[in-house]
Structure formats: C-alpha cells, structure tokens
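Guided by the hints, dock chains U and H onto chain G, whose structure is given.
Here is what each chain is made of, one letter per residue.
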Amino acid sequence: MRQRRFRWVSALVVLGIVAAACGDDDDDGAADGGDEAEEPADDGDFEALAFDESAQCGTEAYAGNLAAIEAVDELTVRFTLCNPDVALPSKVAFSALGIFSEEQLEEAASGSPVDAPIGTGPYQLEAWERGSQIVLTANEDYWGDAPSIPTVVFRWSEESAQRLVELQAGDVDGIDNVGTEDFATVEGDSNLQLIEREPLNVFYLGFNVDKPPFDNETLRQAIGYAIDKDRIVENFYPEGSIAADQFLPPGIPQYQDGAESFTYDPDRARELLAEAGYPDGVDLGVLSYRATVRGYLPQPPQVASDIRDQLAQVGITVALDEQEEGAFIDNANTGALSFYMLGWGADFPDATNFWDFHFGSGASPQFGTGFEDMHEVLAEAGSTVDEGERGDLYAQANELLMQHAQAIPIAYGGSAVAFDAAVEGAHSSPLSNERFAVMSEEGADQLVWMQNGEPSGLYCADETDGEALRVCEQINESLLGYEVGGTEVEPALAEEWESNEDLTEWTFTLREGVTFHDGGTFDANDVVASYRTQWDAADPRHVGREGLFTYFEALFFGFLNPPPAPAG
Amino acid sequence: MLRFIARRLVSSIPVLFGILLVTFVIARIIPGDPCQAALQERATPEACADFNQRHGLDKPIVSQFGDYVGDVARGDLGDSVQERQSVSQLLVDRLPVTIQLSAAALLIAVVVGVPLGVLAGSRQNSKTDVTTIVGANLGVSIPVFVLGLILQYVFALQLDETPLALPASGQLTAGTIPEPFYEAWGIGQNSFFEFVANFDLLNAVLIWRWDIFVDALQHLILPAVALATIPMAVITRMTRSSLLDVLGLDYVRTARAKGLRERVVVARHALRNSLLPVVTVIGLSLGTLIGGAILTESIFNLTGVGKTLFDAISGRDYFVVQGFTLVVAVGFVLINLITDIIYTFLDPKVRVS
Amino acid sequence: MAIEEIPLAEEQAAEAPPGLRRERGLWRDAFRQTFRKRSAVIGAAILGLLLFIAVFAPLLAPYGEREVLISSEGLRPRTEPCIHLSVNWIPDVPVLSTVESFLESNGFSCPSDQPQHLMGLDGNGRDEFSRVLFGARVSLLAGVGAVSFAVLIGAFIGLISGFMGGRVDNGLMRVMDVMLAFPALLLAIAVVTALGPGLFNGVLAVSLVTIPVYARVTRSRTLSVREQDFVAADRALGVSNARILSHRVLPNSLTPLVVQATLGIATVVLELAALSFVGLTGDPDRAEWGRMLALERNQLFTSPHLVFYPGLMIMLNVLAFNLIGDGLRDALDPRLNK
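Protein chains in written order, with the numbering used here: chain G, 27 to 594; chain U, 195 to 547; chain H, 132 to 469.
For reference, chain G alone in the conformation it holds in the complex (with noise of 0.2 angstroms):
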C-alpha cells in the first residue's frame, strides 16, 4: 500500500498551488496573511543554528532547489530557493517533512527517532511492538485541541476480509481499505459506517513497444478498444471507481475534461487488427501481471483473466503469466515484460509525476523506447509556469498517448474505510491522513485501528509506505498541515507564512509554546536541524532506515553533498 500515502503530498501541492497564485495578487506579494516577521523574541538565549555551507544553485553538483534554511530568530525560519516555487507551502505540509527534536537528531546515528519519534502531535509513541501492534497515548501539552479518546491502537492485516472480520466482531474500531465486495455488507450493517476514498492513481496496461508484436503501433491501437473498461470497473471495482480516460486521474489539477480516449468498439478493434495484419486474430504471448492488490487494482487475477476473456472476443489470444511480486517489479523496470497490467498511485498531485515518471526522457525502459514527440511536449509542459498553457500541452500529451498506445489508461480506483457507527468524527482523507485526534467515541478509552501493514520505520522522512507514513502524522507535525479529510494548507507548527514577489524566499513564523513529548521546547533550530538532516545527504545525522529520503528529493529535486554516484 505504499503508493497511496503518495496522495498526501499530492493534493496539497495542488492546493498550495492555487493558495499561493492567489496570494500573489496581493499587493504585498505575501502568499498569505502575516505581518512582517517578529522582532526577535525576548529569550535572549537563543542560539541560531548556523551553516557554513550553502547551496551552489544551478551548478553539475548541486540539482536540489533549496538554495539555504535559517533560523532568523527563535520563532522564525527562512527558506531561499534557487527557483520560484509557488507550491512550497503544501509541500513543507506533508508529514516526510515532519518536525523533531533538534536533540533527538543528534542521536540519529543510533537510530533513535526510526524506532521511538518524538514530536509535537496530538499522539505520543508509548509501545511498538514489532509484529503485533503501536500503541499511542494522548499528548496531554497539546497546542491544539486535546485529543478526546487517551489511546489509538494500530493493528494491521493485508487480508481484508481479516479486517472487516475483525471490525464486526468489535475487536476493532477501524479498518482501511474495505475489500470490494464488502462494500455492501458494511452498508448494511447498522453498526458500521462506510465512508469512501476518493482516487488518486491510475492502471493501465502497458506495452514494451521495441518487443514484436508490440512494435506496430496499430495493433495497440486495436487493443486500446478492444478493451471495456466500464465492464472492468463495473465488475471488479469498489463503488467511487472510475473508468480512465486519460493517465491522470481527476483529482490531478492538469486533468483534461472530455479528453478524447480509446472506447470500448470492437469493430473497430478487429479493424485495426485486421490492418496491423492479423486479419484472422493472433496470439500475443502473455500478459504479465502480479497479484499485489493496489489502490489502483484491488483484484488483480480477476481483472487480468477479464480482459484476457475481452481480448479473446475480438480474436487476440493471451495466456495470463502471474509473476511473484519481486520478480515482477524487476522485470517491468527493466523493460523486461511485453505487455503488462501495473499502476500508479499518486506521490504529490503534479501531472509531472504521473507524465515524465512514466513517458519523460528520463523514464526507465518500462515501454521500451520513448518517442521524441511526446518527450518534447512534455518537458515544454514541465517547464510552463502558465496554466492554462500547461493544460493545453498536456491535452497534447494525451492525444500522443493515444496514438502511440504505449500505455492504455483503465480505471482510476476508489477505496473505502469503516468505522464503528459510534466514532464520531469519523472521516477518510484523499491523502490517507485520516486523523485520530479529531474522533471521539463515547465512553471509549481507546481506538483501534486496523490498516494493511505494518510500518517499517517511524522516522518518516525515510519511509514512502503510506502504512509508516498514517502512524508518523499522529506522532509528528510539520510546519503547515491538510486540513482533517482534505486536501487544504493550513497552519500547524507555523501559524503564518510569506513569501517575496518571486517566490524564492519564504519565511514562517512559528507557533510558540509548542513543546514536544519529551518536554522540550520547540523551536527554529529544531526546524533547521530536521530539515538539515534530510538535506544535507553528508550530514551525519543522515541516516535513516534506508537512508534514501525518497520524498526529500521528490519535493526538493536533491540533497547537498550528494554521495559520488556509484562506478558502473
């Protein structure tokens, strides 16, 4: 389930993205409210932590956009970046950016915070038992509005009939993912509550195009409608599924409405297979696929058999190759597999991420070899800050992906949780953030939440799993926030926040009194610190779980002092 936390940075970008074009009309050019920084606070102690080293912007051996990060005074940090980015705000929202403890880093090297985080969040981390179970208590200190139920239990299992199991019989009060065909029992239980998730990933099927048969563009092209996608949608996916008509899923501000797209036509189809000359039909070898249920493809084998069956009907034969988990990945990156069902969940809600990843000039060989065309208009796109320039070469992508065919968008999936009927304040987030502080049950003095699986490390600045990434958010703030079941900036541990006319320079005045778990006062410094730490990838305190700070990168395009890429 790691791709559908990637929705958290996603719509937040988005929005950040319009909060700040607003902002912009401003005449004082502030993205948002705020007068001009305080006066260094009275607390003549404080010590701003200070860099020798900056960035070399726009140099061979500096890619990132975080030109510096400073700590003005005790309750005020100032970004610089080397280009204008007008969605930084929703980006220092998302929760791989949370706050620690300038002390608790310091002891990074031995691991501490992947372990045993300390924050500033409504929840404090009181046992993970590895296998079992996270415990979380009540932050009595905290800022906000105290949390209402003292314990949150998370619980995990990847069978989603375990969890559902497991809800009716009360032995939890949660549960993520609802398997489709529960959908209606949940409905129908009095003592449940449904809500839906609403989607942010696409499936497609795709096609290496230097692999014969599928070099011949007219044969794709066949298969593209071929294919009945409202049947798919309709048979194996939950309720608030859609099928696709384009490789971005609605909630992506670049989506085009009414993009032209292959519809199910299977005269059509035979025609162009009859054309692509195989008037009689022809066997296509396997489609590869592998039994992960996703976001994006809650039930893989039937999905797969179904289209094998639609194939047939207009005389393409293709035998289903399942390939375990593992080698699967492996054989897609590699540009191994021919023809293929995969997906994508969104990391932060920029068409980017969905285009370039997939059919840039620097996407893996997972289609084969890419066309000069659809490169082209997608660095333009990439580069245009207007956006109504920027739909228009995205409405061109999407025509260039129809007519090459090397990937058949499908569906986009929903998903669902469900709650005991007596949790109020019960709510689902487009960004699986769903937020524990804000429900409340009668009489209760826990909660427990059932998600997929477990998560491999708390110290989230180095996880992707969206499983990691829902127990760091209760633990762990950051210096804005999404609003509860939204996608919407607000403040967090910064109240305000401005930026100069181009937007490269950004400043955050910080909330004061917040303290964290283990009673330390926060502060810029643990600010700078945590961002620091990700940052500066010759840090010492830059180590993690994996060490890769995947999302760092992903918002900031790249660290200081990257590590001498590896011969070969």
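Note that these hints are calculated values from the structure, not bench results.
Be careful, since some hints might not be right.
To be clear about the criterion: a stretch of chain H counts as covered by chain U if any three or more of its residues have a C-beta under 8 angstroms from a C-beta of chain U, and this derived list gives those stretches [said to hold, decoys possible]:
1. 199-207
2. 294-300
3. 321-330
4. 421-431
5. 449-455
Treat the numbers as computed from the prediction; the structure is a model and nothing was measured.
For glycine and all other residues, C-beta sits at the position ideal for the given N, C-alpha and C.
Showing chains U and H alone in chain G's frame:
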C-alpha cells in the same frame, strides 16, 4: 548408549553444513533482489547500488558465503534488509510465538489423537474404527487455511456475544501490553529473558496476571485447533496401527489366553509399548507444524516464524531467510536427535542392537 | 474392485521367478484385504467418483472451463447459486418437496427463467460448477504426477544408496537428511519462488521436497532384500547388478512404496493447495481447486459458495487417498492381519 548418541551427533555435522549451504543458496537463487523488493516501483539502478553496498550485497557471492559461515560460527545471523533489526532479535521476538502455537497444537493433537487411535485400534474394523479413521482423515484433509477461516466465521462472528465466542485474531487484545517478567521482578534484561517473556502465556504466569493469561489463552485456541488437525490425523493413525501391531504379539496373546478382558489387555499390556513409535511421530510432526504455521499465522494475523519467513522470501530479505531457515532446520535436526535418543532409551530392543 | 484390474500382479505372474511368486499372492491378498475394510471402500468410491468427473468433465459441465458469462447472461461476478427446483421430472414425493421448500426458503432456488448455476458464478462470472468439475482433472493429474516423479527419483536414489552402501550411501543419505531438515512447505515455497510461479513449477517443487521420503523407504527395503538368500544365489550365478536391482530388489520394495505414495498424494494435494493460497501457482484461469479457493478467500463471508465447493473437493480428494493408503498399509503389513 553414549556411543550411539556420539555417533548420531557426528553424523549430524555434515547435515548441519549442508543446511548452511542450502539456506544460503535458497536465499540467493530467488530472482529479483532485496532492493527491488524494498523500493518497489521506485527502485532505480542508482538507488539500488547504494542499497546493496550498504547491506554488503555487492560482494562476490563466494565471499558472501564465507562471511555467512564465519558470522554464523560467531553466532551472528546478520541484519534484516527490510527491517532495521538484527536477525537474532527477530528470532527472539518471533520464535516464541510459533513455539507456543505449535506446542498448543501438538498438545491438542496428542490429547485428542492418542485416545482416538487407541479407540480405533482396539476395535479394528468396527464401526467405531471406521468412523474414527474417516473422521481423523477428514480433519487432515481440510486445508488449514479453510479451516482457519471457518473457525473465525463460527466463533468470532456467529457466536459473538455468547459464552463460546472466541476472538478472530491470534494476538492479544489490542492495547494490552503485558509487562515482561524481568521488569516486574527487577532482574535486568537480556536476550534470553526477552525470549522467555515473549511466550505470552508463560509471561502472564510469571507476572501473575490471570486476566492476561486468559486473554492469551482465548486468542491461542482457534489458531492452535486449526494447526492441530495436521498432526492429529497422523498421531491417530500411528497410534492405531502401532497398537494393532502390538496386539498381534505373542505376549499379548498370552495375556489374552490368561483370560484377561480385552480392555485390561489393551490398557495394561499393549498401550505402553505401542506408544513408543508415537513419540517419533510427534517429533516428526514438528516439521509439518512449522510448514502449517506459515498459513495459520497469516490467517490469524500472528507474526511468528512462518509469517516472517514467508514475508522474507517475498521481500528477498536474504539474511532473514538464511537465519530463520537455519534455525528451523537445526531445531528440526536436534528434535529428531532427541526423539531418537528418547526412543532408544525407552525401547530396550533398539538399545541392544 | 476386481483383482484383474491390477496389472502389476498379472504382469509379474507371466514369468515370475520363484522368489516372486509369494509376492504376487501378497498383492492379490492385499487388495482383497484392503477392500474388505469399509474405510478403504469409502476412499475408493470417492476416488472413483473423482476419476469419473475428471474423465467426463467436458460432457458433464454445462459451461466451458473459461467461459465468461458477464456479457452473455448479464450476470454479475459472484452471483449466488441458482438451482431450478420446480422441474417437472422430479416426482411429487413429500420428502422431496420438503427439501425443496427448505432450499427455496434459504435462497438456493431460483425461477426457471433464470439460467441455472448449481454453484453460482465465480469472481470472473464463470460457472463455478463447471469449473469445479474441470478442476478434478488438474488436481488428480497434479497429485499423481508429482508423486510419480518423486517416487521415480526417490526409488532410484534409494536403490543405489542401499545397494552400493559405503560412501555413496552415506553421501546420498546425508543429502536426503539435509532436505528433510526443512519443513516441506517452506522448501516448496522457496523452490517455486526461485523457478517462478506456475502450476508445473508448483508440482515440481512439492515433488522435489518429497523425494527423501521415498528414497529412505526404498533404501531400507533394499538393505534387507540385499541380504536375502535368493540375491546371494543370483550373485553366485553371476547375474548383473542391474538385473538384480530391477528383478529382485525393486519388486520387493514396492509394497512400502505403494503405501507411502498413496498417502503421499494426499500430502502433495494439500501442499499444492497451500502454494495456491500464497499465490504461487500461476494462471488464475485454470480451474484448479486450490487456486479457485485462494482467489476467493476474502469472499468467505460474502460469497461462501466460492470457498465452500472447491474446499470440499480438495477435502474429498485428500480423504480418498488417505483412506486408500491407510487400507493398503493395514493390508500389506502382515503383522496387522489378525
């Protein structure tokens, strides 16, 4: 006797080395690599080179094997690639879960299986015999995972809020954090104490918490019953045929000839001797129990050896696959050794020859 | 069950040397004994039924193995069973109508204008009943195939090991010991993961891990036969080792092998089902009981028929081989004959 044990021990040495080799090979012949499994869609060559270097996976394979053997000799099983923990720590956490489950399953299997076998064997070819044999075989014929699901359905959902209700999960009630006995006793902490404390039932007794003991027991019953069906049929069958075997021997005939009642013949004369082979079968059952545990644990959401191993194989977590299979295999060899010795001890005939 | 059906006994009768005459009698006797046991008869009956289904599946099944009915009949996947009960040819007997009304009131019946699906539709909208019937083919073939392969290899290893003795014996048996040290299912999972998922690889894997059992059985038998007088006589007459192995040792090792193999099929079927459960047997279109069940396991509460029927079939299959195996063992072990 001592010579026999010594010989068995010596002959185990090549087996242990073979096990080392096999565990290493098993981990490496699996296509795909830990990096791809860990980073999924985002596994780029650069990220993977970095990843492999950090985990020592960029060395030549032969030197990796050398490292492995050396490390094992020093008692170091390496670190998990996917989880930030040493394999030894994982074993300390998860071995008790599986041992407790298997022991409970074995207990149920013996308590039910042996009497059934005796019942069937003492009335060969009667209706009781047929019913018992068909019944026992029926038990082993249901795939563990089907049985597990059905048990959950019946006891957790249908019987919910009745006295017979049992929880669907094998874990303790959410939010229960039993205090480890070593903390309660204030005797410091070490891996062995941790290992012991991870036996929920045992720990509950040691800290004298009846409520936790009951909770642990309730959560143990369904998984143990599901798992017990596998060895139960084998034990029933073995008891039965072994009893029949003994009942055909001269001394039993003599006993019968003396006019003793059949029940006395069976109970006093035949039973003790016929249980000898059953001991061996119980030892051998442990292997199938661990196999069955892979499924039982995932159905009942228990993180024990089976689940960890399966996840490690899909996650290409070489060191966990190696370490866990090694421990399981060595444990199996030891158990067989011990049952052999017990058997020798109990059966004078074997001792003499 | 007529004895004539056992070709083994007949073939051997043709030119059976004196040493084997007893053996033939043993087999004949064994089968008579076996099927005098009621439990074995039950097993044989079930197996017979499964064999019948397997052979005639295309005739018995109302729909094709892979025939998708979503578009043709407008039904949704996982539609509940629809059984036409109000059929004219059912005689109007009180008992039957009671059953009928019970079934009707429990939602098993449906009006005759709807297409009949005895076991409902599967997750892809295919007729579950037809797939269950076709599944008999795969399950029987896979079980028998896996065990035959293991017996072949295992018996070969056991013969060589037992007959040659010394270092060869020691080496081979240590290898077998190593294999036996791993839980079979675990080893099978590792092997299939390495070879790539698929039914063939799955069968191969469960077959490989069971080889040591047959090797051991054959070896111990070989060891005792080797010391028999008629083998010594053969040796004295200059009969080749190969001939001794194939004409003396092998036939005499068959008894325990057959018993072990019959019981082994049951184990193999269960292990294959387990591999299916963890998603390692490939093509989901193939009607294979373990896979059918595993695919729908999360629907146990919403569409129980999709878990129940394949589960029942696996159970019957395993049960049949276990009962027959037990019966054979009882019959072939002279000490157990009262």
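Tell me the numbers of any earlier hints that the structure contravenes, in ascending order. 1 and 2
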